[in-house]
Amino acid sequence: MNIANLLKIALKALNNNKLRCFLTMLGIIIGVASVITMLAIGQGSKNSIKAQISEMGSNMIMIHPGNMQRGGVRQSADDMQTLEVSDYEALGELPGVAAISPSVTSGGQLVNGNNNYPSSVYGVTPDYLEIRKFKVKDGAMFTDQDIKSASKVCILGKTVVDNLFPNGEDPIGRVIRFGKIPMTVIGVLESKGTNSMGMDQDDVVIAPYTTVMKRILAIDYIQGIFASATDENDTDATIEAITEVLRERHRLKPEADNDFEIRSQQELSEMMNSTSDMMTVLLACIAGISLLVGGIGIMNIMYVSVTERTREIGLRMSIGARGIDILSQFLIEAIIISVSGGIIGILVGVLASWLVNVIAHWPVYIQAYSVILSFAVCTVTGIFFGWYPAQKAANLDPIEALRYE
Amino acid sequence: MKEIIKIEELRREFIVGGEKVKALRGVSFSIREGEFVTIMGTSGSGKSTLLNILGCLDTPTSGDYLLDGVSVRSMSKNQRAVTRNRKIGFVFQNYNLLPKTTAIENVELPLLYNSQVSAKERRERAIAALDAVGLSQRLNHKSNQMSGGQQQRVAIARALVNDPVIILADEATGNLDTRTSFSILMLFQELHARGRTIIFVTHNPELADYSSRNIVLRDGHIISDTLNPAPASAREAFENLPTDND
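Chains A and B are the protein sequences, given in the same order.
Numbered continuously in my numbering, the first sequence closes out at residue 399.
Numbered continuously in my numbering, the second sequence closes out at residue 260.
In isolation and in its complexed conformation, chain A is listed as follows (with noise of 0.2 Å):
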C-alpha cells in the first residue's frame, strides 16, 4: 500500500463528512491561532520594553556614592564623597568597559539675552554620548583638550534650544549665561524624545566635567560615573570587576560594605522582562490547553468515526486490506485534520495578531518559532490522538466488523 493510495482513501472519507470534518479541524485552528496570536503579544510587548531601555543607553552601567556612614549618621547620597576623579580615571583601564564618563551636574538658571529656562547642566567626557546614544546633530561635541583646560563650553539639547532660542536663530558660537557663568554653545544634540518614564531627554545641557566641577559647583569629587560595557553579556562580569577595583580603591574592609551603589541597564531590563515573561508564560498556556482541547476533540470524533465505520473496516480487511493499512487510514485522516487545521490556524492567527495591531495598537511581534512550534505540536497532537482510535480499527476481528450493525 503506498501513500499515495492511502492519501486518496482518507481524503474520500473526509469528503464524505465535510462539515464534522470541518467542526473537529475548529478545535486546532482555535488553539493554533490563540497560541501564534499571544505569543506575538507577549513578544511584542517584550520588545517595546526592550526598545524603551535600549534607548536610554547601550549597556549602561550607572555608579553612585551610597551607604556611607559618617559616626553612625547614614548621609543623603548628595552629600556623599566617596568617588573621585581618579576613580573614574581606573575603571577607564578594565577591559569590559567600552566607553566611561564621571558625572557631575549642576542645576540652574539658563539665560540667553532676554530668554530665560531652568535647566541642568552635566559635566561629562565625551565618552557620555556613546553611552547614552546621544548625537550631535549640529557642532562639534568639546575635546579631551576642553576638559584639560576646563573651558567654558556647552552642547544643548532640543528642550533647551527652543526655550532660549524661540526665534529659530542658530545657537552654535553664541554666548548664554549658566547662573552668572557665561559658556559658549558649541554644538546641538539630536533629539531623542521623551524616555519610557515619560521624562524629556532632550531637557539638557552637556559640559565638560572639569567645567562643572571647578567653575560652578567648585567641588573635588564627582557624583557619579557612567559607564558601558562592551557586552550586553559581560555586564555582570564588568560589574563584579568595578566592584572590586573600586573596593581597593576606597580600601574597604572585606567585612564592611560598599560606599557605592552600581546599577546597570541589563538589571532594569531583566525587571521589565520578568513581568512580561510572565505574562507570556501565562498566555501560552492558556493557549495550549485550548489546542490540548482541540485535540481531545480529534480523538472523540476518530473515535466515533471507528465506531461508526466499524463495517466499512470490516469489508476492508475483506478485501485484503492489512492491519498496517488500516491503521495508516485512519492515523492519516487524523493528521490531515490536525495539519490542515494547524495551516489555517497560523493564518488565523497571523491575522488576528495584525487585527489586534491594527484596531487595538499593541505592539506585536510573530516569531517563526511560534509558527514552527505550534505548527509541530499539532502535528503531533494528530498523531497522538489519532493513534488510539486507528489502533483500535486495525485490532478490530474482519468477521466481528463485517457483521456489526
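Do not rely on the hints blindly, as some may be mistaken.
What the hints assert, rightly or not - Lysine-lysine pairs mimicking BS3-like chemistry, simulated, CA-CA at most 30 Å apart: (1) K101(B) to K2(A); (2) K2(A) to K16(B); (3) K127(A) to K40(A).
Since the hints were derived computationally from the structure, they do not count as laboratory data.
All figures in this text were calculated on a predicted structure; none of them were measured in a lab.
Given chain A, put chain B in place with the hints provided.
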C-alpha cells in the same frame, strides 16, 4: 482439473461463556477449478464458520486447508490479508459498498491495497469488471443512487476485479426480491460458464438446482455432497417469472 480448495478434517471450536462450542467437527472436501458449489445448511450448521475459514478470515482449530496449493493454517494475519486480496473475491448479503462512493471507486478498492497495480491499470480493470456484470453504463453512479440488484452487481464486480481463484458468495441473493435474485443467479451462472470457481453459501434449498455441486452441512458435519450434472438455467426461470403489471 486443478484443485483450488482442499480441506481435510477441518475442526473449529469456540469458547462461548466458558463452554466449548464445536462449530465444525471434521469436514473434508476438495473443490476443483470451474466448479459452482452451493453450501447449504440451517443456521447453526457451521456454514458461516466454514465460509470464514475458506475466506481466510478465520483459522481452523485443527485440520488442514490448502488454497491454490498453499496451506492457510500456517499463515500470519498479514499473509492471510494478502491472500484475501489476491486470491479471493467476497460477495456479501448486504453488498457492503462504501457509502457516497461511485461504482468504479468501489470496484477499484481491492486494487488500492495491491501496490503492484498502477492507477491506470486499476481503472482499466475496474471498468472491465463492471462491464462483465453489465454495469458499464453506470460507472459513476454513487452506491446510494443504485437499486439493490445494481449494488450487488457492483459488489460482484469488486469480487472479480482482482481476478481471484475463487469467489465466495455469502447469501448473495438474500436481500433481493425473486426477480432480482434470479438475475443475480444468472450472472453467477454466466461467470461459471466462463470458467470461474464459485462457492455460494445459502440456507435456501431451491438454489441447489442451479449449481453444479451441492454440499449440505448439519451440526458441523457434511451430510451430503452431490454433483448436479445438469443444473437448471436461471435465465429460463427468470423469463418464466410472471411480470409485474401493477
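How the hints compare with the structure:
{"no.": "1", "hint": "K101(B) to K2(A)", "verdict": "24 Å, holds"}
{"no.": "2", "hint": "K2(A) to K16(B)", "verdict": "39 Å, violated"}
{"no.": "3", "hint": "K127(A) to K40(A)", "verdict": "21 Å, holds"}
Of the hints listed earlier, the one the structure fails to meet is number 2.
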